[in-house]
Amino acid sequence: MASEQSASSAMALRFDLKSIGLGVLSFVVGISLWWLASASNATPLPGPIEVLERFGRSIGTGQLWIDIRASIGRVLAGFLLGSIIAVPVGFLMGWYRVARGLIDPWIQFFRVIPPLAIIPLAIVTMGIDETPKIFVIFLAAFLSAVVATYQGVVSVDKTFINAARVLGAKDWVIFTKVVVPASTPFILVGFRIGLGSAWATVVAAELIAAQSGLGFRMQQGQLYYDLPVIFVSLITIGVLGLIMDRLVVLAEQRLTIWQERV
Amino acid sequence: MTMTGTPNTKIAFKNVRRVFGDGPSAFVALDHLNLDIFDGEFVTVVGPSGCGKSTALNIVAGLLGVSAGECRVDGDIVTGPGPDRGVIFQQYALFPWLTVRENVEFGLKLQGKEKSERRKIADHYIALVGLTDFANALPKMLSGGMKQRCAIARAYAVNPKVLLMDEPFGALDALTRVRMQDQLLETWSKERRTVMFITHDVDEAVYLANRVIVMAARPGRLQEIIDVNLPYPRNDELRLSPQFAEIRNKVWHAVYTRSGQQQPALEE
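So the sequences go chain by chain: A and B. Residue 175 in our numbering sits at position 175 of the first sequence; the count goes up by one each step and never skips. Heads up: take any position in the second sequence, counting from 1, add 1000, and you land on our numbering.
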């Protein structure tokens, strides 16, 4: 068994190296194409070198850090608030039929409204400071996480619950020792989707009313025809989103190591 | 105890009826079931799908209620599940996020046993089913047969009066199944419990049991009780003996011919 395991992990490592190699290759080819396209004046877009220079300037003046801090602050505040509230609400809905009947219609209703559509209302009612931005991000993250948590709870295998009951478990133990761990994979998927929606929303929120942030900077770039700064912001958003997504995936793998994966 | 006939009756069904649904779509899963299972007995229940064998087991387990009649364990009417009746499910139902030892300790923790005592009891039963080397493994590392052995250890650990096994080997391949039957009998001979074992495999039913309960479908009811007067310990030699074949034929006949069903219908 142990040798089988190490063999399979060696294979996984080799597979990983191969996919990393392909990833690097794909990246290099993509950048080269971009460079070729801009160098040959096939597009009005700035080339990689120009963008890199702009990156240096933005970092040098400290402006990039200010924007990153502002955007990440909003994303994290909205996302954490949304997730922290979504988990208990999702459990409540999954566990109690009455709670489900009362809450579900509202969730379903707000789920079909794009968070961006809430922005005008949020600005009018909450002003133009941080509150409306964090609120729309919160809403986006909350809705994804709540639906995932609730799905996780209702799809807990009935046999697990019966197995716990015949061993003498009452409701509270079943909930904490069976339902919570069994629905963890679903909840983490919900977090991941919620984080994605949070990033999508923060940029839009900053386009409308902000004095800093990556979305705000892009809009400034648009106003002054500063294409490199738009690129800098876009790339930064992509990289940050990717890093945060990987972090959630890492947590997911840690917390659900027990899952049988095919 | 004196309320249920013979003093050493462990499980008693009295006129048990169970109906699922209501109105025209109502389905009588079990009707007029009268059955006594005695202390220390190994009883197998065999019958076509829809004969109510799993329903009967779930009623003893307290996972299903009765529509009429009563079910008693040790003279007490069953009102819900409890650790005095261990259940082993076909799908193993091990908690995948717990190791083998943590699974076995799950019920002991609920009984408020101290850590060192839990560990001692768990290790005893893990050894009894031959999983000592896998005590710290997660269920995903185990084969089907090993998973079921872990489930058996978990059920034994809380020291139940009766063991209820619902087609426990149904998902295993034929070879593993035979080995598991031998291992189960070995475990049972070391730590005797009253066992109610559901199966639709006639060979398995005869090989394991003191008595085979044959049930019929539509409505689910008791068809015949066949005594298996073969000595324990049982082995391959016995499995191939003419006495075994004779009882096996009798059970087969009762299951397939008299109950008017050639083939088990769809799974319940």
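Note that these hints are calculated values from the structure, not bench results. One or more hints might be untrue.
One-sided excerpt, in silico: chain A residues whose CB lies under 10 Å from chain B [claimed, not checked]: (1) Ser32; (2) Trp35; (3) Tyr96; (4) Arg165; (5) Glu260.
Restricting the straight-line Cα-Cα distance to at most 20 Å, the calculated cross-link-like pairs of lysine to aspartate or glutamate (EDC-like) are [to be verified]: (6) Lys1161/B <-> Glu1224/B; (7) Lys1014/B <-> Glu1102/B; (8) Lys1113/B <-> Asp1074/B; (9) Lys1140/B <-> Glu252/A; (10) Lys177/A <-> Asp1074/B; (11) Lys170/A <-> Asp157/A; (12) Lys1140/B <-> Glu260/A; (13) Lys170/A <-> Asp1084/B; (14) Lys158/A <-> Asp1039/B; (15) Lys1109/B <-> Asp1074/B; (16) Lys177/A <-> Glu1102/B; (17) Lys1190/B <-> Asp1084/B; (18) Lys1120/B <-> Glu1191/B; (19) Lys158/A <-> Glu260/A; (20) Lys170/A <-> Glu1041/B; (21) Lys1250/B <-> Asp1227/B; (22) Lys1140/B <-> Asp157/A; (23) Lys1161/B <-> Asp1236/B; (24) Lys1109/B <-> Asp1123/B; (25) Lys1109/B <-> Glu252/A; (26) Lys177/A <-> Asp226/A.
Everything numeric in this text was worked out from a predicted model, so none of it was measured. No residue lacks a Cβ here, since even glycine has one placed at the ideal position from N, Cα and C.
Please write out, lowest number first, the hints stated earlier that are contradicted by the structure. Result: hints 1, 2, 3, 6, 7, 8, 10, 14, 15, 20, 23, 25 and 26 break, sorted rising.
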